[in-house]
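*Asks:* Sequence:
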Amino acid sequence: MRLSEIFKPQFVIPDLKAHDKKGVLEELLEIVTGQESSLNKGTLLQVLLERERLGSTGIGDGVALPHGKLRGLDNLLLSFGRSIEGLDFDSIDEQPAYLFFLLLAPENSAGMHLKSLAKISRMLKDGNLRQQLMRAKSREEIYKIIIDKDEEF
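Residue 4 is where the sequence shown starts when you use the numbering used here, and the numbers rise one by one after that.
The hints are simulated quantities; they were obtained by calculation from the structure and are not laboratory data. Check the hints yourself; a few may be wrong.
What the hints assert, rightly or not - If you anchor each label on the Cβ, the simulated ranges turn out as follows: (1) Glu53 with His22: 19 to 27 Å; (2) Ser7 with Asp129: 26 to 34 Å; (3) Gly114 with Lys140: 18 to 26 Å; (4) Thr46 with Gly130: 29 to 37 Å; (5) Lys140 with Gln49: 32 to 40 Å; (6) Glu154 with Leu52: 27 to 35 Å; (7) Gln38 with Glu110: 19 to 27 Å; (8) Ile95 with Leu52: 17 to 25 Å; (9) Asn43 with Gln13: 18 to 26 Å; (10) Glu154 with Glu29: 29 to 37 Å; (11) His22 with Glu143: 24 to 32 Å; (12) Asp129 with Gly89: 16 to 24 Å; (13) Glu8 with Ser41: 25 to 33 Å; (14) Asn111 with Glu143: 32 to 40 Å.
No residue lacks a Cβ here, since even glycine has one placed at the ideal position from N, Cα and C.
Taking the hints into account, I'd like the entire structure generated from these sequences.
*Replies:* Following this line, the structure appears as structure tokens:
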């Protein structure tokens, strides 16, 4: 599966305003629920915060991959946000997070959900990619960087 199947340019936030974990999740959900009106932002936020209570999705190297499964969702959805200043996301390396990929999955999609998380995680192990995402000047440039990198996998 290609990320372009679940990720749209309008799901990119080049400059997150949030200063904490909950705020980031709310901002990332806002753009998804704005495009997918059948989704309830409050329910999604609750699902994501519950997942964070199990263990932080801050994977280190300035990256966080918040994710959750939702009953009634028909397909995977992916949004991305960048925090120029960085913020505490309880990352495993105890460093600020700057790059956030939010993955929402249907409740019964364990295989696709895990494959997508693994792909994004592998992509973001590339320090050059992380630097490109931090230097990008626009939503469109960020989207293109992500989609171009996905083509390599």
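*Asks:* Confirm or reject each hint.
*Replies:* Consistency of the hints with the structure:
{"no.": "1", "hint": "Glu53 with His22: 19 to 27 Å", "verdict": "22 Å, holds"}
{"no.": "2", "hint": "Ser7 with Asp129: 26 to 34 Å", "verdict": "18 Å, violated"}
{"no.": "3", "hint": "Gly114 with Lys140: 18 to 26 Å", "verdict": "36 Å, violated"}
{"no.": "4", "hint": "Thr46 with Gly130: 29 to 37 Å", "verdict": "36 Å, holds"}
{"no.": "5", "hint": "Lys140 with Gln49: 32 to 40 Å", "verdict": "35 Å, holds"}
{"no.": "6", "hint": "Glu154 with Leu52: 27 to 35 Å", "verdict": "33 Å, holds"}
{"no.": "7", "hint": "Gln38 with Glu110: 19 to 27 Å", "verdict": "20 Å, holds"}
{"no.": "8", "hint": "Ile95 with Leu52: 17 to 25 Å", "verdict": "18 Å, holds"}
{"no.": "9", "hint": "Asn43 with Gln13: 18 to 26 Å", "verdict": "19 Å, holds"}
{"no.": "10", "hint": "Glu154 with Glu29: 29 to 37 Å", "verdict": "31 Å, holds"}
{"no.": "11", "hint": "His22 with Glu143: 24 to 32 Å", "verdict": "26 Å, holds"}
{"no.": "12", "hint": "Asp129 with Gly89: 16 to 24 Å", "verdict": "19 Å, holds"}
{"no.": "13", "hint": "Glu8 with Ser41: 25 to 33 Å", "verdict": "19 Å, violated"}
{"no.": "14", "hint": "Asn111 with Glu143: 32 to 40 Å", "verdict": "34 Å, holds"}
When the structure is compared with the earlier hints, violations turn up for hints 2, 3, 13 and for no others.
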